[in-house]
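Engineer: Okay, here's what each chain looks like letter by letter:
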Amino acid sequence: MSAGHSHDHGHAHDDHAHGHHELGFIRKWIFSTDHKVIGMQYTVTALVFLFFGFTLMMIMRWQLANPGHVIPFVGSMLSKQLYAGYMNLATEGVLLPEGYNALGAMHGTIMVFLGIVPLAVGGFGNFVMPLQIGAPDMAFPKLNMMSYWVFLPGGLIMLASFFMPGGAAQSGWTSYAPLSVINPGQTAWLVGMIFLITSSLLGSINFIVTIIHMRAPGLTMFRLPFFVWAQFVTAFLLLLAFPPLEAAGVMQLMDRLAGTSFFMPSGLWVSGKAAEWVGGGSPLLWQHLFWFLAHPEVYVLILPAMGIVAEVIANNTRKPLWGYRSMVYAAAFLGFMSFIVWAHHMFMTGMSTKISTFFQTTTMIISIPSVIILTALVISLWGGSIRFNTPMLFAIAFLPMFAIGGLTGLPLGLTSSDIHLHDTYYVIGHFHYVVAPGTIFGMFAGIYYWYPKATGRMMNETLGKLHFWPTFICMNCIFFPMLIQGMMGLSRRTYDPNIYQAGLASLKLHKMISWSAWIMAIAQLPFIFNFFVSMFAGKKVTENPWDSTTLEWAAPSPPPHGNFLTEPKAHRDPYVYSPPGRKDDFLPQHVVLEV
Amino acid sequence: MSNHSSTAAKDTHAGHHDAHSPEEIQKHVRTYLVVFVALGALTAITVGVSYLDLPPVKAILVAVFVASIKASLVALYFMHLISEKKVIYVMLGIAGMFFVVLMALPVVTETEVRSWLRALLMKYVP
Amino acid sequence: MDVAIPCQVKPHPVTGIANGKLAIWLFLASEVMLFGALFSSYILLRTNAETWPRGHDILSVPLATLNTAVLITSSVTMVMAWAQLMMGNFSKGRKYLAVTLSLACVFLVVKFFEYKDKFHHYQVWFNTPTMVAGHEVTTITGHIEEKTDDFIKFLPDPPKGHKAEAGHHEPIKIETSQIKRLSNYGPWHSNFFAVYFTMTGLHGLHVIGGIIVIGYLLGPGAKLWHRDRQFYINRIENTGLYWHFVDLVWIFLFPCLYLI
Numbered sequence: 003m004s005a006g007h008s009h010d011h012g013h014a015h016d017d018h019a020h021g022h023h024e025l026g027f028i029r030k031w032i033f034s035t036d037h038k039v040i041g042m043q044y045t046v047t048a049l050v051f052l053f054f055g056f057t058l059m060m061i062m063r064w065q066l067a068n069p070g071h072v073i074p075f076v077g078s079m080l081s082k083q084l085y086a087g088y089m090n091l092a093t094e095g096v097l098l099p100e101g102y103n104a105l106g107a108m109h110g111t112i113m114v115f116l117g118i119v120p121l122a123v124g125g126f127g128n129f130v131m132p133l134q135i136g137a138p139d140m141a142f143p144k145l146n147m148m149s150y151w152v153f154l155p156g157g158l159i160m161l162a163s164f165f166m167p168g169g170a171a172q173s174g175w176t177s178y179a180p181l182s183v184i185n186p187g188q189t190a191w192l193v194g195m196i197f198l199i200t201s202s203l204l205g206s207i208n209f210i211v212t213i214i215h216m217r218a219p220g221l222t223m224f225r226l227p228f229f230v231w232a233q234f235v236t237a238f239l240l241l242l243a244f245p246p247l248e249a250a251g252v253m254q255l256m257d258r259l260a261g262t263s264f265f266m267p268s269g270l271w272v273s274g275k276a277a278e279w280v281g282g283g284s285p286l287l288w289q290h291l292f293w294f295l296a297h298p299e300v301y302v303l304i305l306p307a308m309g310i311v312a313e314v315i316a317n318n319t320r321k322p323l324w325g326y327r328s329m330v331y332a333a334a335f336l337g338f339m340s341f342i343v344w345a346h347h348m349f350m351t352g353m354s355t356k357i358s359t360f361f362q363t364t365t366m367i368i369s370i371p372s373v374i375i376l377t378a379l380v381i382s383l384w385g386g387s388i389r390f391n392t393p394m395l396f397a398i399a400f401l402p403m404f405a406i407g408g409l410t411g412l413p414l415g416l417t418s419s420d421i422h423l424h425d426t427y428y429v430i431g432h433f434h435y436v437v438a439p440g441t442i443f444g445m446f447a448g449i450y451y452w453y454p455k456a457t458g459r460m461m462n463e464t465l466g467k468l469h470f471w472p473t474f475i476c477m478n479c480i481f482f483p484m485l486i487q488g489m490m491g492l493s494r495r496t497y498d499p500n501i502y503q504a505g506l507a508s509l510k511l512h513k514m515i516s517w518s519a520w521i522m523a524i525a526q527l528p529f530i531f532n533f534f535v536s537m538f539a540g541k542k543v544t545e546n547p548w549d550s551t552t553l554e555w556a557a558p559s560p561p562p563h564g565n566f567l568t569e570p571k572a573h574r575d576p577y578v579y580s581p582p583g584r585k586d587d588f589l590p591q592h593v594v595l596e597v
Numbered sequence: 015m016s017n018h019s020s021t022a023a024k025d026t027h028a029g030h031h032d033a034h035s036p037e038e039i040q041k042h043v044r045t046y047l048v049v050f051v052a053l054g055a056l057t058a059i060t061v062g063v064s065y066l067d068l069p070p071v072k073a074i075l076v077a078v079f080v081a082s083i084k085a086s087l088v089a090l091y092f093m094h095l096i097s098e099k100k101v102i103y104v105m106l107g108i109a110g111m112f113f114v115v116l117m118a119l120p121v122v123t124e125t126e127v128r129s130w131l132r133a134l135l136m137k138y139v140p
Numbered sequence: 031m032d033v034a035i036p037c038q039v040k041p042h043p044v045t046g047i048a049n050g051k052l053a054i055w056l057f058l059a060s061e062v063m064l065f066g067a068l069f070s071s072y073i074l075l076r077t078n079a080e081t082w083p084r085g086h087d088i089l090s091v092p093l094a095t096l097n098t099a100v101l102i103t104s105s106v107t108m109v110m111a112w113a114q115l116m117m118g119n120f121s122k123g124r125k126y127l128a129v130t131l132s133l134a135c136v137f138l139v140v141k142f143f144e145y146k147d148k149f150h151h152y153q154v155w156f157n158t159p160t161m162v163a164g165h166e167v168t169t170i171t172g173h174i175e176e177k178t179d180d181f182i183k184f185l186p187d188p189p190k191g192h193k194a195e196a197g198h199h200e201p202i203k204i205e206t207s208q209i210k211r212l213s214n215y216g217p218w219h220s221n222f223f224a225v226y227f228t229m230t231g232l233h234g235l236h237v238i239g240g241i242i243v244i245g246y247l248l249g250p251g252a253k254l255w256h257r258d259r260q261f262y263i264n265r266i267e268n269t270g271l272y273w274h275f276v277d278l279v280w281i282f283l284f285p286c287l288y289l290i
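Protein chains in written order, with the working numbering: chain A, 3 to 597; chain X, 15 to 140; chain L, 31 to 290.
For the record, the hints were derived by calculation from the structure and aren't laboratory data. Quantities reported herein were computed from a predicted structural model and do not represent experimental measurements. Cβ coordinates follow ideal geometry from the N, Cα and C atoms, glycine included. One thing to keep in mind: the hints can contain errors.
[Claimed, not checked] Pairs of lysine-lysine, DSSO-like flavour, derived with a Cα cap of 27 Å: (1) L:Lys125 with X:Lys41; (2) L:Lys253 with A:Lys144; (3) L:Lys122 with X:Lys41; (4) L:Lys210 with L:Lys177; (5) L:Lys148 with L:Lys210.
[What the hints assert, rightly or not] Sample of chain X residues with no beta-carbon within 12 Å of chain A, all distances over it, derived: (6) His42; (7) Val43; (8) Leu66.
Make a model of the complete structure from these sequences and hints.
Structural biologist: Now the structure itself:
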C-alpha cells in the first residue's frame with residue numbers, strides 16, 4: 003500500500019524510463035517492491051536451493067550405489083565433528099544411517115518447498131503474471147516483498163538445521179508422527195515450515211487480488227493466457243490447503259516442545275522405555291492433515307509448469323492452443339478435485355474399504371482433467387510449423403515425461419496394486435517423473451523463454467541444446483530404473499540396499515542411476531554458464547524476440563519499474579498465431595487493427 | 015499518488031453517497047445495537063444451559079446451534095455479509111466447500127469415529 | 031511505492047470493492063481453514079478418546095463468559111468506530127477505536143489469569159488406590175502447598191457441588207513414593223489441555239495481532255484520515271473484518287472448550 007509516500011511520481015508513463023534513478027542499490031535489488039525484481043530474487047534463490055537439494059541427493063546416490071564405501075570429495079568434510087553434540091552425517095568418510103535419513107528428508111523438503119514452489123510461483127508467477135495481465139505491478143507490492151523476506155529466513159533455518167545440535171530433520175519430507183516427534187532435528191524443520199507457509203499465504207492472496215483486479219482493459223478472464231489461469235488456480239490451492247498444514251505444524255511443535263500428545267498414541271515405547279507423552283493422540287491425524295495439503299501441493303508443483311509449457315508450445319507451433327477453454331475448465335476442476343483425493347496416500351493405514359473405494363474413485367476422476375490438458379497440448383502440436391529452439395525442446399519433452407509420471411500414478415491410486423507398490427522405489431520413480439523431468443523441464447523451458455524479457459538478452463542456443471539433450475537422457479536413465487526396482491519390491495527409504503535379496507538384485511540398477519545422476523550434474527554446467535554469461539554477452543533483443551502475442555511482450559525488455567510505456571489494452575484472445583490474411587504470422591493482444 | 019488517491023476518494027464518495035448516507039449509517043447503528051443485545055442474550059442462554067447438565071449429545075447440539083446463530087449474526091451484520099459484493103460470496107463459497115471437506119476429515123476416515131457415529135445413530139434414530 | 035496501483039482506494043468497476051477488502055476476505059478464508067483444521071483435530075481426538083473431561087468442570091466458565099462479553103462488546107465498538115468515521119466523526123470514531131483496543135487488552139489480561147490458574151492447579155495419580163478424606167481414590171486434584179524431594183503437601187479441591195464449605199478441607203501429605211504421576215493443568219496434562227492451550231493460544235496470538243493493527247491505526251496510522259479519508263475508512267473496515275473474525279472464532283471456542 004502506498005500510503006507512506008506522498009510524493010507524486012510521474013503518472014505520465016514517459017517518465018518511467020528515467021524517473022527511478024534515485025532508487026539506491028538496496029531499494030532496487032534487495033528490498034525491492036518491484037514484482038520483477040522479487041520474481042528474479044525468488045528465481046535465483048530457488049535455483050540455488052534446487053542445486054543444493056540435488057547435491058544432497060548425489061551424496062545419497064553414492065551410498066546406494068556403493069554401500070559402505072568412503073564418499074569421495076566430501077566424505078571427510080561430512081565426518082568432521084564441529085562441536086560436542088553435533089550430528090555429523092558420516093564417520094570416517096562413510097555415510098551414517100542417520101545422515102542418510104537427514105539427507106533424504108531435507109532433499110525432499112528443499113526440492114518441494116524451497117525449490118520448485120518458490121521457482122514456479124514466486125519466481126515465474128511474480129515475474130510473468132503481472133506482465134501478462136498488463137498490470138503495472140502486483141496489487142500489494144510491499145506484501146510481495148515481505149513474502150520473499152519471510153520465505154528466505156524459512157529456507158535458511160532449514161539449511162542451518164544441519165549445523166544445529168541434533169542435526170537436520172530425519173523423518174522424511176512427510177514427517178510422519180510419532181517418529182518425527184521423537185527424532186531430533188525436527189523443531190527447526192517445523193519452524194522453517196511455518197515461515198514458508200506464511201510466505202506462500204501472503205503470496206497467494208496477492209496473486210488472486212492481482213488477477214481479479216488488475217487485468218488490463220479488454221482482458222477478460224477468457225482472454226487470459228493459460229499461464230495466468232494456472233497461477234490463479236495454484237494461488238487458491240496455496241491459500242486453502244496450506245493452513246491445515248500450518249495447524250498440523252503448530253500441533254507437532256506443541257508435541258515436541260510442550261509435551262502434548264496430538265499425534266502420540268497411548269502405550270508408546272521409545273528405545274525400550276515407555277515414552278513420556280501421556281498418549282491418546284492419533285498418528286493418523288498428522289497424515290490426514292499433511293496430505294490434505296500435500297496432495298493439492300502436487301498440483302501447485304505441476305500447474306505452473308503446464309502453464310509455461312502451454313505458452314511455449316503456442317508460441318513455437320505458431321498456432322493457437324487447441325482447446326483453450328477446456329484446458330481452463332480442466333485446470334479449475336483439477337484444483338477442486340485435488341482437495342478430495344488426499345487419502346490415496348494412506349491406503350495402507352488400515353482405512354475401511356468403503357473409504358478407500360471413495361478415494362480410489364476420486365483419484366481416477368482427477369486423472370481426467372490432467373489428461374485433458376495434456377491431450378490439448380499434444381493436439382496443439384498437430385500441423386504446426388514447429389520451431390525447435392531450447393524452450394520448445396524442454397516444453398515438448400515435458401509432455402511424454404509428465405505422461406509417464408501421470409500414468410505410473412494410476413496403479414498407486416488403485417488400492418489393490420498399491421498394496422504391492424506402496425513405499426517402494428516405484429513411488430519415487432512415479433512422482434519424480436512428474437516433478438523432475440516434468441515440472442523442472444517446464445521451469446527450464448520458462449527460464450529460456452522469458453530470459454530475454456528479464457535481461458534484454460538471449461541465452462545461447464547451442465549451450466541450451468548441450469544442456470537439454472544430456473539432461474533429457476539422464477533423467478530417464480535415473481527415474482525409469484526406479485520403477486523397475488520398485489516392482490522388484492525395493493523399499494524406498496532403505497539406507498543399504500544389500501540387506502535385502504531384492505536390494506541385492508537391484509544394485510546394478512542403483513549404480514546406473516547414480517552414474518546418470520552425476521553425469522546429469524555435469525550437464526547442468528552449460529546451463530549455469532549460459533545463465534550468468536548471457537546476462538553480459540547474450541545477443542541483445544527488442545521487446546518481442548519470439549514473435550509472441552501475449553501482453554508481456556508489449557513491454558520493453560527488460561521492462562522498467564511500472565512495466566509498460568503506455569497502458570496496454572487487450573483486443574483479442576491470447577494466442578492469435580497465423581491468422582489468415584495477414585503478412586505476420588502473429589497478432590499480439592495489444593495491437594489495434596486498422597480497419 | 016496523492017492526487018490520484020484523493021480524486022479516487024471523491025469518486026467513491028460520490029458513487030456511494032446513496033448507500034452510505036449518514037441516515038443510512040444511523041440505521042446501521044441501530045441494527046448493531048440490536049445484534050449486540052441478541053448476542054448477549056444468546057451468550058446468557060448457552061451458559062445457562064450448560065449448568066443444566068444435559069446428556070453430552072444434547073449439550074453439544076444446543077451449544078453448537080447457539081454458537082452458529084451467534085456467529086451468523088456477527089458475520090451477517092458486523093461483517094456486512096448480508097449485503098456484500100458477489101465476488102466475496104464466490105470466494106467464500108470456494109473456501110466453504112473445502113472447509114466442509116476439512117470438517118469431514120475425522121468423520122470419514124477414522125474407524126472409531128464411524129462406529130461412534132453409528133452407535134449414536136442407532137441410539138437416537140428410531 | 032512509486033507505481034500507481036489501481037483499485038487501492040477506489041472500488042474496482044466490476045467487483046465493486048477495493049483491493050484491500052478482497053485481500054482481507056481471502057486472508058479470512060485461509061484463516062477459516064487454519065482454525066477448521068484445529069476444530070477438526072479436536073473432534074477427532076475427542077471422539078477417539080476413552081474419556082474426555084467436561085470443560086465446565088475444570089475450566090473457569092465465569093471468566094470465559096466475561097471474556098465472551100468483552101470480545102463481543104469490542105466487536106460492536108469496532109463496527110461503531112467504522113460507522114462514526116463513515117458519518118465523518120473522526121474524534122468519535124477514534125474513541126470507539128480506543129475502547130476496542132482496551133477491551134482487547136482486557137481480554138488478554140483475563141486470559142492471562144486463566145492460564146496462570148491452570149499452571150498452579152495440579153493433579154496427582156497414585157500408584158495404588160489411596161484413602162483421601164474418607165474415600166479410596168486413584169487420583170486427586172488440587173494445589174501444592176509445599177514440595178520437597180520426599181513428599182508434597184497438597185490441598186485437594188473441594189468435592190464437586192460442595193463449594194460453599196470450601197474452608198473446611200485440610201492439606202494432606204503425599205509421599206513421593208506414592209505418586210505415579212504429578213502434573214499441573216498445562217498442555218502436557220492431557221489431550222483436553224493440549225487442545226485448550228493450542229486453540230486459545232493461537233486465538234490469543236490473533237488478538238495480539240489485532241491489538242497491533244488497531245494500535246497502529248489509532249496512533250501513527252491515523253494521519254491517513256487527513257490525507258485520504260476513504261483510504262483510512264477502508265483500512266478501518268478491513269481491520270474490523272479481521273477483528274470480527276477473531277470474535278467469531280471465540281464464539282465457537284467458548285462453547286466447544288468450556289461448556290460441553
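Engineer: For the pair supplied as a hint, lysine 148 of chain L and lysine 210 of chain L, confirm whether the alpha-carbon distance does not exceed 27 Å.
Structural biologist: Within the cut-off at roughly 20 Å; holds.
Engineer: According to the definition I'm using, a residue is off the interface if its beta carbon is farther than 12 Å from all beta carbons of the partner; does leucine 66 of chain X meet that for chain A?
Structural biologist: holds, 28 Å
Engineer: Is lysine 210 of chain L close enough to lysine 177 of chain L, meaning Cα to Cα at most 27 Å?
Structural biologist: It holds: about 16 Å lies between the C-alpha atoms, which stays within 27 Å.
Engineer: Could you grab the alpha-carbon distance between lysine 125 of chain L and lysine 41 of chain X and see if it respects the 27 Å cut-off?
Structural biologist: holds, 20 Å
Engineer: Find the nearest Cβ of chain A to the Cβ of histidine 42 of chain X and say whether that gap is larger than 12 Å.
Structural biologist: holds, 26 Å
Engineer: Hinted pair, alpha-carbon criterion (27 Å max): lysine 253 of chain L, lysine 144 of chain A. Please report holds or violated.
Structural biologist: holds, 20 Å
Engineer: Taking C-beta pairs only, is valine 43 of chain X more than 12 Å away from all of chain A?
Structural biologist: It holds; valine 43 of chain X is separated from chain A by about 28 Å at its closest Cβ, greater than 12 Å.
Engineer: Do the alpha carbons of lysine 122 of chain L and lysine 41 of chain X lie within 27 Å of each other, as the hint requires?
Structural biologist: Given pair lysine 122 of chain L, lysine 41 of chain X holds - Cα atoms ~17 Å apart, limit 27 Å.
Comparing the model with each earlier hint shows no violations; every hint is respected.
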